[in-house]
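Residue numbers (the working numbering), protein chains in the order written: chain A, 1 to 322; chain X, 1001 to 1310.
Where hints are given, some of them may not hold.
[Unchecked claim] Taking beta-carbon pairs under 7 Å as the criterion, some of the chain X residues facing chain A (in silico): (1) Ala1023; (2) Tyr1024; (3) Arg1027; (4) Leu1028; (5) Gly1031; (6) Ala1033; (7) Ala1037; (8) Gly1065; (9) Ser1068; (10) Arg1231.
Just so you know, the hints here were simulated from the structure itself, not pulled from any lab data. Yeah, the Cβ is synthetic: ideal placement off N, Cα and C, and Gly gets one too.
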Amino acid sequence: MTTGTPYGPPPPFDPEAAAVLEVLAARVPPAITGDMLPLLRNGSGAGLPSDDELCRDGLIELADHRVSDDVSVVVGRPPNLRAPAPGIYYIHGGGMIMGTNRVGLDQALDWAVELGLVVVSVEYRLAPEHPHPAPVEDCFAGLLWTVEHAGELGIDPARLVVAGGSAGGGLSAAVTLMARDRGRPLVAGQLLMEPMLDDRNESPSTHQMRGLGVWDRTSNETGWTALLGAARGGPDVSPYAAPARAEDLSGLPPAYIDVGSAESFRDEDVEYARRIWLAGGSAELHVWPGGYHGFDMFAPHAVISQDAKAARLRWLRRIHAE
Amino acid sequence: MRELAGRLAALDPEAGAAVKVIAYFDRLVDGRAGLEALVRGAATLAGCPARLDVPGHRIRVSADGRRSDVDGEADPGWPAEGGLWLERPGPRTAVDAMILERAAAAIRLVLEPDRVREPVEVVLDATAAPDARGKAARRLGLSLTSRAIAYPGGSAGVGAPASHRRAGVGPAVPVLDLPASLAAAKVALRFTAEGTHDDPGPRVVRAEELGGLTVLADAVGPATEPVPDVRALERSAAAAPWMLATLDAVATSASLRAAATVLTVHHSTLQNRLAHAETLLGWSVHEPSGRLRLQLALVLRRLHRRSATA
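Using the sequences and the hints given, assemble the complete structure.
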């Protein structure tokens, strides 16, 4: 328990990001509880770009593929891309309880256009209807399928990076651990955007940011309890559910971790980077001052959002060049 | 949670856009945001590039929030306020006007942080704290109730209108409600006229005397097409220099004889003029219904001449 850790007032939000939150206030409750889920799932498609918009007048081609009865993927690529190209295996966010493989896809497709790569975005089953290990095993099955079909997808399997935001960041970290432990497939890097890593929900930042911003500790408890039920926070949680539980963070591919200074996940994400370094690994950590959870999606025009997105692109360029 | 992301670009002009614009810029001011963030806010909310061009500062931001170089001079046709331009052809929409007003006010705060605001400005500013407005009212020596006055060019006052100036007069209200009185005064100002041959009508209009006419003010914006009666009035005005003043006198006098006295012409001269006018207008101004139609056409013409925010 770290509730005794002394902490001051919450760090101030970045003014531009905060101004957007002010405008969206009614639509973005900081504290999400289970009873709000049907409404949130219903309304969550509204802000998403359509497939037509994702294709950007022919800059991108999209194709859906079925992996198994439970899992499917959508593959996005620039037409006429020279094969084999680098790949991104993308896992969407939504607190383990919401979202589809189109959530956040527009940013991944920005990378595809900018860097000339193939994006594979997985549709996995959601909690609470499908608790752990369904979501992470679905994501791993999609990753294996991607590597096994790398030839026909035009992907260089040696240059496949796993990427995701929020719950998708946690799942990205988890499938990277699974790939290490199961001996396959090869993962070239893990891009973890504000990842959801720790079911214990007791870091100082979860307390400091309670009731503020986006995805506070009440929301976090809702998400983790949906995934783990009564086991949440207890002694027997698998690192494949909550990567912060992993005792060994050695032998992992290079990690990119970013997070806002004004969000619940701040401390668990900083801690994950610190432990990778301690284990002798490679990690790049960015803490964006005044960012709340998802600031770069809510306020894409804000300067810190532009900088956060540019930093991810620079890292991907370096990783794929290696 | 990432899928809940909403986009400001989807700002709905119908549903509370004004409230959102105010909330956005108020939050930037609270956070002590700089000029670039304020220009970026205007660009993002308006969905077009915005530029600030004031001595010492040239900032251009595109609709997606990227800073770019200022290229060439601002087009005088773009909606603008206080050195801030929205780079698109006018006329300004209601949302544009709100964005420009709030952004320009926030920019003034950054450029002149130590400026001591005039008490009149404070007492009329809805966004100033009630304490500050009460203090400003006491410094002005206002009694319990007062009126706001709107003048052409955006200036404003409190109390009685300055003599010889065209003015809209707001209703008498408790001093803390003066910003609302000013809003009504701005509407009244649009019903005023220069009182000349080209632009006959009252130079001072009181908001509470307008009655149902205020509805017309909302109906006439910069892009509103004039109704046929207004076009007919403009055609008639072009036919004779005495036309508008004569029709205004007829529309606002108790009788034709009284109108002739106002115009200092003989009654038979007036009858001749009206016969000519009725041919051009296409309707009789001798009947009560025709006089109402004439009054409305004259009022609408004034509103069209002052359709941009006063």
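Here is how each hint holds up against the structure:
1. Satisfaction of the interface hint for Ala1023 (chain X) is found here, the shortest Cβ-Cβ separation to chain A being roughly 5 Å, below the 7 Å cut-off.
2. For Tyr1024 (chain X), the interface hint holds, the least distance from its beta-carbon to any beta-carbon of chain A being 5 Å, beneath 7 Å.
3. Because the smallest distance between the Cβ of Arg1027 (chain X) and any Cβ of chain A comes to about 4 Å, under 7 Å, the interface hint for this residue holds.
4. Taking 7 Å as the C-beta contact cut-off toward chain A, the hint placing Leu1028 (chain X) at the interface holds, the least distance being around 5 Å.
5. Because the closest C-beta pair between Gly1031 (chain X) and chain A is about 3 Å apart, less than 7 Å, the hint holds.
6. Among the interface hints, the one on Ala1033 (chain X) holds; its C-beta lies about 4 Å from the nearest C-beta in chain A, closer than the 7 Å criterion.
7. Because the closest C-beta pair between Ala1037 (chain X) and chain A is about 5 Å apart, less than 7 Å, the hint holds.
8. Because the smallest distance between the Cβ of Gly1065 (chain X) and any Cβ of chain A comes to about 3 Å, under 7 Å, the interface hint for this residue holds.
9. At its closest, the beta carbon of Ser1068 (chain X) sits 13 Å from a beta carbon of chain A; the interface hint therefore is violated under the 7 Å criterion.
10. Given the 7 Å rule on beta carbons, the hint for Arg1231 (chain X) is violated: about 42 Å separates it from the nearest Cβ of chain A.
Comparing the model with each earlier hint shows violations of hints 9, 10; every other hint is respected.
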